[in-house]
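K.L.:
For reference, the chains in residue letters:
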Amino acid sequence: MLTIFLSRLLRMVIVMLGISVITFLIFFATPGSDPAARIAGRNAAPETIAAVRHDFGLDRPLYVQYGLMMDRLFITRDLTSFANRGQKIVPTIMSAAPATLSLVAGAAILWMALGATTGIIAAAFRNRLPDKILMGASMMAVAMPVFWVGEMINLVTQSRLHDTWAFSWVPPLGYVPLTSDPAGWFFALVFPWICLALMYIGLYGRMLRTGIIETYQEDYIRTARSKGLSARRVLLKHATRTAIIPIVIMFGMDFGVLVGGAAVLTEVVFGINGVGRLTYQALKALDLPMIMATVLYASFFVVVANAIVDVLCVMIDPRMRQK
Amino acid sequence: MDLMAISKTGRRGSALARLAITAAMIPAVVPALAQAQDAHRGGTMHLMAVASGGTLDPQINYTAQFWQLYSATYDGLVAFKKADGPESNTVVPDLAAEMPTVSADGKTYTFTLRKGVKFSNGDDVTTEDVVASLRRIFKVSSPTSGSFYNGIVGAEDCLSSPADCTLEGGVIADGTANTVTINLVAADPEFLFKLSAPHASILPKGTASKDMGNTPIPGTGTYMFTSYDANNSLTMERNPHFVEWSVDAQPEGYADTIEYKFGGTEESAVNAVMNGQADWSFDPLPADRLAELSTNATDQLHVHAQSAWWYAPMNVNISPFNDVRARQALNYAVDRNALVSVFGGPALAQPVCQILPPDFPGHEDSCIYTQDPGDTWSAPDMDKARALVAESGTKGEKVNVVTEDNAASRGVGTYLQSVLSDLGYDATVQTVSGDIQFTYIQNTNNNVQISVTQWYMDYPAASNFLNVLFGCGSFHPGSDSSINIAGFCDEEIDARMKAAMTLGATDPEAANAEWAKIDNAVMEKAPAVPLFTPRRLDLLSERVGNFEYSSLFNWLIAKSWVQ
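The listed protein sequences derive, respectively, from chains V and A.
full-length UniProt numbering puts the first residue of the first sequence at 1, with every later residue one more than the last.
full-length UniProt numbering puts the first residue of the second sequence at 1, with every later residue one more than the last.
So here's chain A without its partners, still in its complex pose (with noise of 0.2 Å):
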């Protein structure tokens, strides 16, 4: 964790010192700026979406689609930077003044609080509020709060009592030092990360300690929330009380108003952006109108890579896919480049056939599983996957493909089914509601033996892939939470990963580069077949201006403007 402080610190000092150099070299251009800023202040942005991301707070909605919206409403000790590409994956001060001091063992740290920064109601952001808002996780049953926040002292009683938790002796405040100080059982250099994720947001320390649903809490960022209906719309305005203390964690947003409505089709929310009727639509756009699109609409299309992968999990504990070989013949077998095609061509995925995506920590390109094994993919190996499937002698045995209902998954499935029975399985594909899916696929009593799935990074750290989706931790037989979805636990490789994980509280490139070793252990292993790697496309309207991307929230919405 030191170095980790000290690489965020290094980064920070060279940044002031690029700072100081521009400001000595154009002072003049400085006021300009800031005219032509305010002149791009104002107006309404409309966004839309086929459906509402769910409940609006902040510490249990768990969807990409709100966690958008909570990076301009709600702020933690910490935040992602509010920045264009890799850059938004360090990790800046936000309601904390400066980045916290960490002890020696990696195990306290303290945080001093930023001064005069007010709710949307006019309330004074204190200590308490932070004590009461890192309670709030577990009286709540937050989806992260067993997975990220369970390493603070006193997590264990808050998880199996939530609504007697105190955290005592794991969040102390002290309102005259104005300080948070945060003990947790072992050292964690991911720590950080978690706290900066929307569930450790500082809401006021009245706050019910329920699900508040479609009831707007009180926030510190520069949209608030002022109505939400869950079946229609959304409106966020600028927050009153709101003055900007930090360009990187909570920048000052552009318009006024943003309003959000829910409804219709991907299709209709093309034409209503190409209509100018609104700016951007959440939902990935319809393969079909991507040729037009690319002609016509050059200017207002962004691509964007993702840290994330799409994957076939197949089940080691149930046959075929119990038998290496079954597993390593598929990997050789998948055309990656006629998956790519399937899910909209390269504008829109990436062949992978690995685990941790391109550019992630601890990525290093490797690819075990094609023609002539190296860093990348080149051509399925046919005449190899036979001769597995056949030593493995698991020819001709009964194999389901379970998908989701939309038309991208279906269509991995049944190209995988095309694989399968090339091979010479009795393939079939089954489709699943895309909201059940998900669980249904996680539970061995369901005995999936093969699944199209996603993961999206949480946070951008090695173990986010490789220790949740294949540790021996996240596997729960019987359960419709078990990440582990092919059931994968071999307890050399879980024992590394966690030596990884203490390693990457003193040493992250070291740890890094052990994450690249076992991201090949793992796939030796062959608990799954990577698919490709998915590129987000927005299309905005021709009156929004500066798209900036962030990893972890998309587009920065606080940071474009509409005149």
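For reference, chain V alone in the conformation it holds in the complex (with noise of 0.2 Å):
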């Protein structure tokens, strides 16, 4: 268990240090990306820029440079941003991060239950009217792009229908912290939820609908049929069971980038100031320090989701117990 951990960290490491070389190289190999006269300022005189130049150590070799940000963002955490001077990076992104965190996590919550149920429905009633429209209300779910939902829903609740009865109770667009107001961060949360999360629905739905119903084709599966069980205890304990694990296989991905901040869409539509926001704004203005960080902290939760999810495939299978 121990070495299994080990050499999974090992991985880790090495993984996030590839990153991070090709970040930073990529950066520096980027026409216009020289960041003194920028953080020096607007008709900034020569020896302003020679002086900022300095203060930043942007005037030494790249290797150094490196080293001494590595220093900065794991060793002494006071690495600050080249495009908003003065601000940490390191707190920056701990404090964006429960943002995230709340609305991945919300949003994955009911992709889940909801993706799931759709799929042993559909499969239940395969070919029949429920499972027609299902599948074809999933497969508009999937495609209808994320941000044009998000302002379709701020139209409604914010703006057009936004002093009805039926959404009057809708709090103003932004994340409010749960440890300080827990029904206000619910509020605040639903529609987002929803928003993220209906992709997903659709597009999990679907695979898991196919995942059954291939299924179905197995030897054990008619074994369990000519057992005289249930087709419910077949469906639901059998055929469910086995074709769930491509769908866990796929979340552990979806959650890890997703986390990393692949949810900058949603946050933007809905003004959650998340680490999808910050490495977006981060990469618009070319800020190294923050680019960095954010990649390598999506980086770090799409590994550890992997190996949550390599866990749980064990536990849903028993098959791969034995090996």
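The reader is advised that the hints may include incorrect statements.
[To be verified] Here are the computed lysine-lysine pairs in the PhoX-like style, where the Cα-Cα straight-line distance is at most 25 Å:
1) A:Lys81 x A:Lys118
2) V:Lys88 x A:Lys210
3) A:Lys517 x A:Lys384
4) A:Lys81 x A:Lys107
5) V:Lys88 x A:Lys81
6) A:Lys139 x A:Lys118
It should be emphasised that the hints constitute simulated quantities derived from the structure, not laboratory data.
Bear in mind that the values here come from a model prediction, so they are computed numbers and not experimental data.
Using the supplied hints, reconstruct the complex from the two chains, each of which is provided in its own coordinate frame.
P.N.:
See the structure below:
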């Protein structure tokens, strides 16, 4: 167990090291990336730019700059932004993380529950009306871009019908910390959750339906049926359990990527200042320290989520346990 | 400089006289007015912006977004008057008790410090704070240290080694007489404007000589910053040690608290203001909401001309715009009315074909690139433009227009591309992130031929446009900071600009007349295409009363109330 853990940890460190070096090199190869003039400000005198360049260590060799940046990111943790002078990177990400985690975790619960229900019901009513309705709706959910859905939700809940009984309870856009006001946190996140989950419900529902239908062809399902098990038991206990494994693996990837910042469109549309928005702004401003930190943060979550998924798969599928 | 000081005194004199007459006529109204003002005191103002403005350090931050806040949180020795309209361009004494006495040669300014002013941490403002603050401009490498304050004696040494800056012989404090004397290398008619900028704010002498970032520095204004998280929000509260000393320089604010939230989109900010969840948003209103707002929220909209211009600098050192005829041709061909529509219509922009904005010092209506040259622009002259292109022999060359990635800049760029194609060029548009584009187009190594950009005044003086944007001194080949984007350096015009600045010290009116001629002379060489003068549109919630607009700080937040 310990060796598995250590080897995973080593792999994670190597992956993150590689990503950081690549990010760093791409930055310096980008035309117009030199931050000195932007840090110094509009119409700064050449002397001022030289002073800033020296202050930020931009006049030193690249490997020294890389070492200093890693030191300030992980050891002293006082790395500051290039675009937002004086903004400390590590605390900024730490304060943005809860918003993204709340958004993604809530949406994940929603899409796993509804996605599984959709898939199971559709499989149970294969090729009949409920299946067709659900699959049609899923197709639409997958096809609608999340930023458009978000803006439409806002148009209805924040503008056109905001003053009616149906939506007057919807709080202003933005994130309310769970610790300061749990009810406010919940209400502020209801629509962002729905918006973010919608596509995944459709996607997971379709995947699971196909998986279950395929599993129905397996010998052990026929055995279970011939032993006289009820159709419901066959569906839930035997077919779904096998068919859900690819879904769980996919979930691990999606969850990690979203927590790492891929929920940026939902975050921006709903005014949730999370890690995704930070990454987006950092990329727009070519803010290397922030890009570096958010990219490493994202890769960390992808690696961790994958590890957790591996454990989950073993729990679900007895065949993996015996190996 | 002397004359300028006199004209200031003159203005103040007449204002005093008017005040005296008014006070004598209606003594009974005064208490009623005071009561009304008390009734408006209190409450919380909610502001919004898509993103924050960066560091909170007033000596470093160079954004319109935070300068607006500094106008109510920090003070300099002098300040721009906190008033509505053109009056906001005048300089009034702030932490100085009165306007400084200036020596006959215009090189020595003596300020007497106002007594009894305290920082928000409770400390008294002393002459030592003034000296330390002026030194700190150099120690923290303030963006304007080399352009605004390099004329102070000793500044050269401070620029070359910021850490040891003393400004020896440049800034001298006399604690017993409570005066501060500033010596300049040469007379500078714009020096008081420069001292009124937030970069010359007076801060406590103990303030660390580094970018303070998100940590608020105590100030003297009516509000103080109490918290700042660049990714989420900013809070300003009343400064407990503030006692109003001059309603012109630092008026007492009405609201108790000002909360500024960062995030979301321009679209959602409009909804929030219309729903009463926020009172105002910093970002430009989305153009597709204007029609709806102008019918539904007429009373909540406020339009103001800005001392700014959108322009397309053309690189005069590389083909095809190294030929003056090619540059003139584009100036003749651009339809300013079409550009105004691209930017959102006449409510948001005004056609322009010269450098100094309307109502700006030195501005005289003139347009040489139009159907019938005269005072104003009327229509493009495509025949003349085509003839000029043919003459220049540049037809068919490749031209790349570099724009920012926002809708307005892209729209302008696409329009320029169509005009260039019409003129026979092989034109393309390249869009660069707005945060990068401004430094990218300045660097000659990037070989940008033509770009779309804007310039907003730092202070109301013609040189802030002409000399800064087209002076030889602002052209630094190979540097990201070369604000003379066109790379235009005409020695004769440059000499005239220097002479006009010197003349401004003794005869501002004659100098402004000369600036108008210089504006024309630069336009004849056409290093840029003036596109339009942008207007600022502010949408306020129904709760907000008393909107006053300063041409430097935009909406004066402290002068509005929310109840």
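K.L.:
Taking each numbered hint in turn, which are not upheld by the structure, reported in ascending numerical order?
P.N.:
Going through the list in order, the structure violates hint 5 alone and respects the others.
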